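When you get a sec, could you build the whole thing from the sequences and use the hints?
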Amino acid sequence: DVKVTQSSRYLVKRTGEKVFLECVQDMDHENMFWYRQDPGLGLRLIYFSYDVKMKEKGDIPEGYSVSREKKERFSLILESASTNQTSMYLCASRTGAQETQYFGPGTRLLVL
Amino acid sequence: QKEVEQDPGPLSVPEGAIVSLNCTYSNSAFQYFMWYRQYSRKGPELLMYTYSSGNKEDGRFTAQVDKSSKYISLFIRDSQPSDSATYLCAMEHGSSNTGKLIFGQGTTLQVKP
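Protein sequence lines correspond, in order, to chains A and B.
Under the working numbering, think of the first position of the first sequence as 18, with each following residue one higher.
Under the working numbering, think of the first position of the second sequence as 4, with each following residue one higher.
Don't read these hints as lab results, they were simulated from the structure.
Since the structure is predicted, the reported quantities are computational estimates derived from the model, not experimental observations.
Incorrect hints may have been included.
What the hints assert, rightly or not - Here are some chain B residues pointing at chain A (derived, C-beta under 10 Å):
| id | residue |
| --- | --- |
| 1 | K5 |
| 2 | Q34 |
| 3 | R44 |
| 4 | Y54 |
| 5 | A93 |
| 6 | E95 |
| 7 | Q108 |
What the hints assert, rightly or not - Over the 12 Å line for every Cβ pair with chain A, so calculated as not near, a few chain B residues:
| id | residue |
| --- | --- |
| 8 | I21 |
| 9 | S23 |
| 10 | T27 |
| 11 | S29 |
| 12 | E48 |
| 13 | R63 |
| 14 | F78 |
| 15 | T89 |
| 16 | P116 |
Every residue, glycine too, gets a C-beta built ideally from N, C-alpha and C.
Here it is as structure tokens:
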């Protein structure tokens, strides 16, 4: 079974803090993705990576950065958290284009 | 206009009803169509995956793609309370080499016993 794990299910942070969200997949997938999900807005792509050390901006990259030093791990970084970054963050991975995309359980982030 | 439109609902049906969930899209380059199911406070999980036009059936679930109308549907027969979830449609360009999906907003379904 494919497994995508995220480091935290719930996080509470203060405005201005640097926040790290970690995602690990165990199926040697090439592509990894970070989304945020908000009521009424659906899933929005923040960043994705199709190889180690490669990254591409998604639809809403502002305020975020990513790191992929190893194939199995994709990190999302909020350099200076703001209240409008309160959201559900979902990581996903897939072997490549046209293949099934698998999601992690999500991290609910609250920025106070 | 969004590339993929999906009515957010909520949709409430009695147990045993046939449920129809739909998405429309504007980009004729989409070739791959998916339906994900997401239970509350969980990540989405793939339910159905179809390529191009036609129908695909899996148990109580049928996915239908009409490329001429740019319209996809998911039918759930004999709906159960355990089907209560948010259903997300997703699409991918035929020429995509990055694996980027475009998602609909999601439709919340409640099946009442």
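Here is what the structure says about each hint:
1. Given the 10 Å rule on beta carbons, the hint for K5/B holds: about 9 Å separates it from the nearest Cβ of chain A.
2. Hint on Q34/B holds. Least Cβ distance to chain A is approximately 8 Å, under the 10 Å limit.
3. For R44/B, the suggested interface contact is upheld, since its CB lies about 7 Å from the closest CB of chain A, less than 10 Å.
4. Satisfaction of the interface hint for Y54/B is found here, the shortest Cβ-Cβ separation to chain A being roughly 8 Å, below the 10 Å cut-off.
5. With a least beta-carbon distance of about 8 Å to chain A, the hint placing A93/B at the interface is held under the 10 Å criterion.
6. Because the beta carbon of E95/B sits about 7 Å from the nearest beta carbon in chain A, less than 10 Å, this interface hint is met.
7. For Q108/B, the shortest C-beta to C-beta distance to chain A is roughly 4 Å, which falls under 10 Å, so the interface hint holds.
8. For I21/B, the non-interface assignment is confirmed: its Cβ lies about 25 Å from the closest Cβ of chain A, beyond the 12 Å cut-off.
9. Interface exclusion of S23/B from chain A stands, the closest Cβ pair being 20 Å apart, more than 12 Å.
10. The beta carbon of T27/B sits about 14 Å from the closest Cβ of chain A, which is more than 12 Å, so the claim that it is off the interface holds.
11. The claim that S29/B is not at the interface with chain A holds, since no C-beta of that chain comes within 12 Å of its own (minimum 16 Å).
12. Residue placement check: E48/B does not keep its beta carbon more than 12 Å from all beta carbons of chain A (closest about 7 Å).
13. No Cβ of chain A comes within 12 Å of the Cβ of R63/B; the nearest lies about 20 Å off, and the non-interface call holds.
14. With a closest Cβ-Cβ approach of about 21 Å to chain A, F78/B is found to remain outside the 12 Å limit, as its non-interface label requires.
15. The Cβ of T89/B sits about 10 Å from the closest Cβ of chain A, inside the 12 Å cut-off, so the non-interface label is violated.
16. Residue placement check: P116/B keeps its beta carbon more than 12 Å from all beta carbons of chain A (closest about 26 Å).
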